[in-house]
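Generate the whole structure from the sequences, applying the supplied hints.
6 protein chains.
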Amino acid sequence: MNTPAHLPYGGIPTFARAPQVEPGGSWRADVAVLGVPYDIALGFRPGARFAPRALREASLRSVPPFTGLDGRTRLVGVTFADAGDVVLPSLEPELMQSRTTTAARSLRERCTLPVFLGGDHSVSFPLLRAFADVPDLHVVQLDAHLDFTDVRNDTRWSNSSPFRRAVEALPNLVHITTIGLRGLRFDPEAVGAARARGHTLIPMTDIQDGLAGAMQQLPRGQNVYISVDVDGLDPSVIPGTSSPEPDGFTYAQAMAVLVATARHNRVVGLDLVELAPNLDPTGRSELLCARLIMETVCEVFEAAGNG
Amino acid sequence: MNTPAHLPYGGIPTFARAPQVEPGGSWRADVAVLGVPYDIALGFRPGARFAPRALREASLRSVPPFTGLDGRTRLVGVTFADAGDVVLPSLEPELMQSRTTTAARSLRERCTLPVFLGGDHSVSFPLLRAFADVPDLHVVQLDAHLDFTDVRNDTRWSNSSPFRRAVEALPNLVHITTIGLRGLRFDPEAVGAARARGHTLIPMTDIQDGLAGAMQQLPRGQNVYISVDVDGLDPSVIPGTSSPEPDGFTYAQAMAVLVATARHNRVVGLDLVELAPNLDPTGRSELLCARLIMETVCEVFEAAGNG
Amino acid sequence: MNTPAHLPYGGIPTFARAPQVEPGGSWRADVAVLGVPYDIALGFRPGARFAPRALREASLRSVPPFTGLDGRTRLVGVTFADAGDVVLPSLEPELMQSRTTTAARSLRERCTLPVFLGGDHSVSFPLLRAFADVPDLHVVQLDAHLDFTDVRNDTRWSNSSPFRRAVEALPNLVHITTIGLRGLRFDPEAVGAARARGHTLIPMTDIQDGLAGAMQQLPRGQNVYISVDVDGLDPSVIPGTSSPEPDGFTYAQAMAVLVATARHNRVVGLDLVELAPNLDPTGRSELLCARLIMETVCEVFEAAGNG
Amino acid sequence: MNTPAHLPYGGIPTFARAPQVEPGGSWRADVAVLGVPYDIALGFRPGARFAPRALREASLRSVPPFTGLDGRTRLVGVTFADAGDVVLPSLEPELMQSRTTTAARSLRERCTLPVFLGGDHSVSFPLLRAFADVPDLHVVQLDAHLDFTDVRNDTRWSNSSPFRRAVEALPNLVHITTIGLRGLRFDPEAVGAARARGHTLIPMTDIQDGLAGAMQQLPRGQNVYISVDVDGLDPSVIPGTSSPEPDGFTYAQAMAVLVATARHNRVVGLDLVELAPNLDPTGRSELLCARLIMETVCEVFEAAGNG
Amino acid sequence: MNTPAHLPYGGIPTFARAPQVEPGGSWRADVAVLGVPYDIALGFRPGARFAPRALREASLRSVPPFTGLDGRTRLVGVTFADAGDVVLPSLEPELMQSRTTTAARSLRERCTLPVFLGGDHSVSFPLLRAFADVPDLHVVQLDAHLDFTDVRNDTRWSNSSPFRRAVEALPNLVHITTIGLRGLRFDPEAVGAARARGHTLIPMTDIQDGLAGAMQQLPRGQNVYISVDVDGLDPSVIPGTSSPEPDGFTYAQAMAVLVATARHNRVVGLDLVELAPNLDPTGRSELLCARLIMETVCEVFEAAGNG
Amino acid sequence: MNTPAHLPYGGIPTFARAPQVEPGGSWRADVAVLGVPYDIALGFRPGARFAPRALREASLRSVPPFTGLDGRTRLVGVTFADAGDVVLPSLEPELMQSRTTTAARSLRERCTLPVFLGGDHSVSFPLLRAFADVPDLHVVQLDAHLDFTDVRNDTRWSNSSPFRRAVEALPNLVHITTIGLRGLRFDPEAVGAARARGHTLIPMTDIQDGLAGAMQQLPRGQNVYISVDVDGLDPSVIPGTSSPEPDGFTYAQAMAVLVATARHNRVVGLDLVELAPNLDPTGRSELLCARLIMETVCEVFEAAGNG
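Protein chains in written order, with our numbering: chain B, 1 to 307; chain Z, 308 to 614; chain R, 615 to 921; chain S, 922 to 1228; chain Y, 1229 to 1535; chain W, 1536 to 1842.
It is possible that part of the hints are untrue.
[Stated by the list, open to error] Covered by chain B, according to a simulated footprint, are these stretches of chain R (three or more residues, beta-carbon under 8 Å):
1) 618-627
2) 655-666
3) 672-684
4) 889-902
Source of the hints: derived by calculation from the structure; they are not laboratory data. Every residue, glycine too, gets a C-beta built ideally from N, C-alpha and C.
Put into structure tokens, the structure is as follows:
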């Protein structure tokens, strides 16, 4: 630390102090970050539009490389770029989707691991469309809710439907594992449709006595897109979310799922959604989410041999 | 006060303890209230979706009739009904608009003065459509912003465009008076279009030395729909709004404009929009807005001879 | 979901969208809800007066019936009514008590399961008085504190004394099981009096290694009134309460106690008290409490054969 | 400033760093402060119970003596004592009243100017009882509300009634001047009773064009108790209060009233009530109120020749 | 607006979407922005360290050029650059000062108008040191406090002393005009020292009847550095500041002072300090401050002939 | 409880209602409390300067002696004194240190157990200097971070370095046990230096399967100074801290560590640092921390035979 460096509240906040790039520019990085500040598709408490900026600011406490207590250093030589946010319209969901898919495709062409900062969960649909060329694409979705509803509140584009839209649009999306499910009410049609497709649905009740059983149900050896809905975690851990559900994952449990997924598969992309920083005046929600992203990135690159 | 009455935080909150009705039911009242909890058309800080509920709760401190310090009692015998909120979809602006127009029409058929609780300012367009039969309709708009832009952020339906859409759809909407205009940036095309139609645009700079001049520019003897964007008031008075602009109306000034409008015209409808209760933890924004609505209602019925 | 329905922030908030009724009106329902917005009997941080309204609003995310992930549907055909709040005086505890007991009696005459929304814990005394006719009444109290003090801070009516007053007034109240007890300081006289009456006192330290032992101490086959003081739960789960105590129940643990109580007894009434929504700006306290109420209702009706 | 002094957030907060005394102890001071942390008599948003502590903390930014920009030094040699708070019961208004009157009497015996920190406005009744021996006592009440109601919400002891109770109990209380009155609704019986007694009622509408007229209606040459309800000031100036009313006094206007009162009369006591620090997260409410108290104290001692 | 542009919450926040540059890089702009996120020199409520980032975010609602209601367009062709923040140490005030002066000098060499975002007011000293070559430098300081104290709380480097240090270090700093002074307590030695140097001290009491008199005391035809302490404005306008003082400038009054200063002098630099965004949950403090900066920039460039 | 006692929000807040003393006065107590309201040495979110006052206020809910549910009474006859806060300068870390060490030494001369209320963690260095005469001093540090860095952000005095400075200054400080370590990034030099000195470093990962192993690594039979950095606890338990790290101690786990330390050693002093009350609007952070302090005090005096 001989060169003076900014304190976390200093400097213009790109993700982990990465250089800022344009999605379609002439750059190349191991990890590239793209924000999708969009939350009009959720039906309860807004605020996820503020998450990309909050995550960038929070990331400044965790700038790699990281030396652990054990002396091991992670993310040495792994390069980052921050492609800013998708330029979004007001309203006009389909225009939002086309711009998001285009930007995500540009990102994929220029990096090994694209990291997407939502936004509400509806953004996972246009993001996944940028992965239409990945053979046998699997999704691992950490979430309290299924988000596989066909139509809800008179629309097909809400944050209850991203994965329904994705499987309709992407023949290569062969499997979804949803872990963390809980709550009083599920959409029976959506549950039926997911089960009919053979999706793996892992409720939190399966995890009360430990994660071991659930771990065995995670995919192995696949091309995996990870989608982290922060309401998968317990509201005491991440209070800043629109629709909290009790009895969710601890941070350690969520990381265990992400580590297992990263170690045993090829992670092609990662999103984190439904973080509403405005709903948590303690600020810990974004701080923990930024670290969760960064720790997952570590695991992906370690699995790839250069973490 | 011989019958025990609820304290303001007691009881299920209809507006001013009015009986709850269905917009299309078989009721009749002098004043009827309808909420439009919709805020996805604004492009900055959300929260106006929470305003109808907050305004109802705040209204419980101001249940008529009202006896003033001068012993005069207002709103004696004036009946109220609360028609609840329009049932809104997620996304799907045109569906929101058709449902809102339908509900507003039902309200008009059953009451003398419909009062609409927004929502962001985009709701004024579908609300005004319910007034397509009013001859020579005038609008008095209290607002920092013109909201007459054709297309903004790639959409025609944002909260920057309600009055543009309204004049396109309503041949009977002959004039708009916008009072309270200020800010660094205006859309030149929108200003030009408003001036070309002969609209009266009154900036706050005209009011620095008193309201007298502005008062003379208000309509007289007309059928008037009043639209109060709360950012017309000063942010120190109403902090709970998406896009505050300095140097706005005091409460007394805003009421003076509303009183003059009510006394010298026939008020056919009233909306209050862009209140974001979540942005004002002191709670005074909704308390003052509820009173502003109620005081305007007083003036309308006094002008009509039974206030 | 073919009929359009309100989003949670839309519509006038009765509990779970139940029809609004008067406590003494001519209605009948399986479940009836009554609020007691009273918090002047607590001696620390006020706000429980705002809980009935907050719980109604939060309940709108959980409108029955509920289909679970397992396809089982609960509360089909179970009818709800919302009787609003007791009309309360300022100060005058005994007047508050008589009105509350009267309203609760009216509720009991018209429904199978009355659900009461406090208020501070002092309201449990007038509520229990409405159950003076229940043979061999048992109370299961989930709470960090004993609330069995005779006189505290110079009054007999504070939120430290409801159960002391209740056993004095109700000869049929034969037993109280208090679970969740913890904290540095207990009133020795109150502990002695409770033990002398044979009450079952289960401290949290008994639960550190699991709930099994505690479960065996819960009543079976009895007429049970459940009183949930939200400070029985851990403050990380429910931060919105006047007097948080560390090391409380998780949501899952609290539900396990409530499920066991509901399944093995006849639940005659339920209250939830000491929720202070103003102390939790994340809003999760009322969201989780509304769900806890609803899940308990499910269990009661399942135990009765029609959950 | 050669001796190191605490920063405002350092040290145990007595009012203006005064020595702490017991109300009945053997001390003597020019100014003595007593808190009455009681707010269960108000019928809307609680929090005034926290005001005495907040005012003490805020006072630490304004420790006398004060040298102005003009070089004049005020409060040189004027001694202060802080008698802490009245020890209050839970509930039991009459016990609260007797303890408050007793403590206030003790204070009066030991100081020239007692300063009382409320609490809701109901505390002014027991405080005024300690002035039963003052000949021809006048009250100057700065307030949005009249607070002269006989019975409200089924009680005689609420914060709507302190002055009604006071005139009943104190034959020497010959006159009340209430300045700052405004709002939609007044209790006609209370207004009539006040007018029948010849009270001076000055509404804010009289002040729109300046304070000069109102100033002439203030008492002169009298023994005056000043009662400042902070809702007399505008909610933009003091947002932290239960029942804000628009169009109140600016700070400068309120001080002008207080200065005129202090200069032309003998001030026998001062209270400041209805400050709810919990309702203003900016903290300016208590900071401005502490300064308002201190500035009034300056004026009282200047009027007495040693300010 | 044919090219899609970010909504205010989208994109990585540089000031007004200006390109990001290094202070010492090879760029050139008309206006350049530099943040100094430093607040350990204030003695009350921290948070000004968060102001540069908050001001950048707030500036995104006001991206030039600006067309007014009158059709006039301002800041056409005026170029902006954002040099980020000074890289600051923890503690070590003199190191903070040297780095800040160095960065400010770099900025001055590359732009016409440097704009500095504090930080507490202590940063004005190292910033002014970068203007040591300006002949006959004048400062116009909008502030409630004098900030000319020699030593306070045992240090020479606090936010009470920047201008004392500046006049010691800069022989070319010939005059300071401080406008907005008010408060109970001034440091007599500091007032004496300022008066001895001939500084112009304008208290708010001089402005009660209008700004005209004060305007005549502002410098004319000078090289002026403007320092805006946001506590010069009224706390109802800008609540987000450490040490609010009542009876400050309205926004319009502050702008009038800034306009007059800009029009009649050559503005060589501008800072805005003591904004604490964390103390204003309504967010209006930073929104109004960003606009105040931008409007002052407009005036500077209009005065220079290309606004 | 025959003598009336203050409710927690009443009275001038000394710690647990202890008499207020001067650090250097002629008093003697078993437990003495000293605050160090200093937080300019932390590099992220300030607020620990407000902790001593918040802890005193929170302590008023836990005034000893304490009778438990088991009837055992603790802290009978143990006397307390509150020595207020160290009078601190602005900036000037070395002056802060000398004053803090002096005050802490005075405290030690007058009491058995000094309890120090931070402040950020940098205050532990000057506090420990007051223990230079204790033979074979051990420190038990509950903390997420090592705080053993030599130089960080260009300073030797930040909250990352207190224990490095302490071992340099205190030859008698023979051992540090740090428990609760976690996070992505450690300073390798600091870890190496700590290990080279033989410190015991216990990461949270060692505790996932229970505390038993860690317990065995705690010192026994030593003179121990306990330093509790509240970020050692989980952020869901104590959200009010500058730099939260997930997966920390529950309250029960932290107490288990403190109990074991107290029972098996001679505790010579205790500090609690890095509490930022301003970051937790629920207020539970200070309430739980005050209780943690009090419970630790109980254990220390029980271990000494008179708890």
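Verification of the hints:
no.	hint	in the structure
1	618-627	holds (count 5)
2	655-666	violated (count 0)
3	672-684	holds (count 6)
4	889-902	holds (count 6)
Comparing the model with each numbered hint stated earlier shows that hint 2 is the single one that does not hold.
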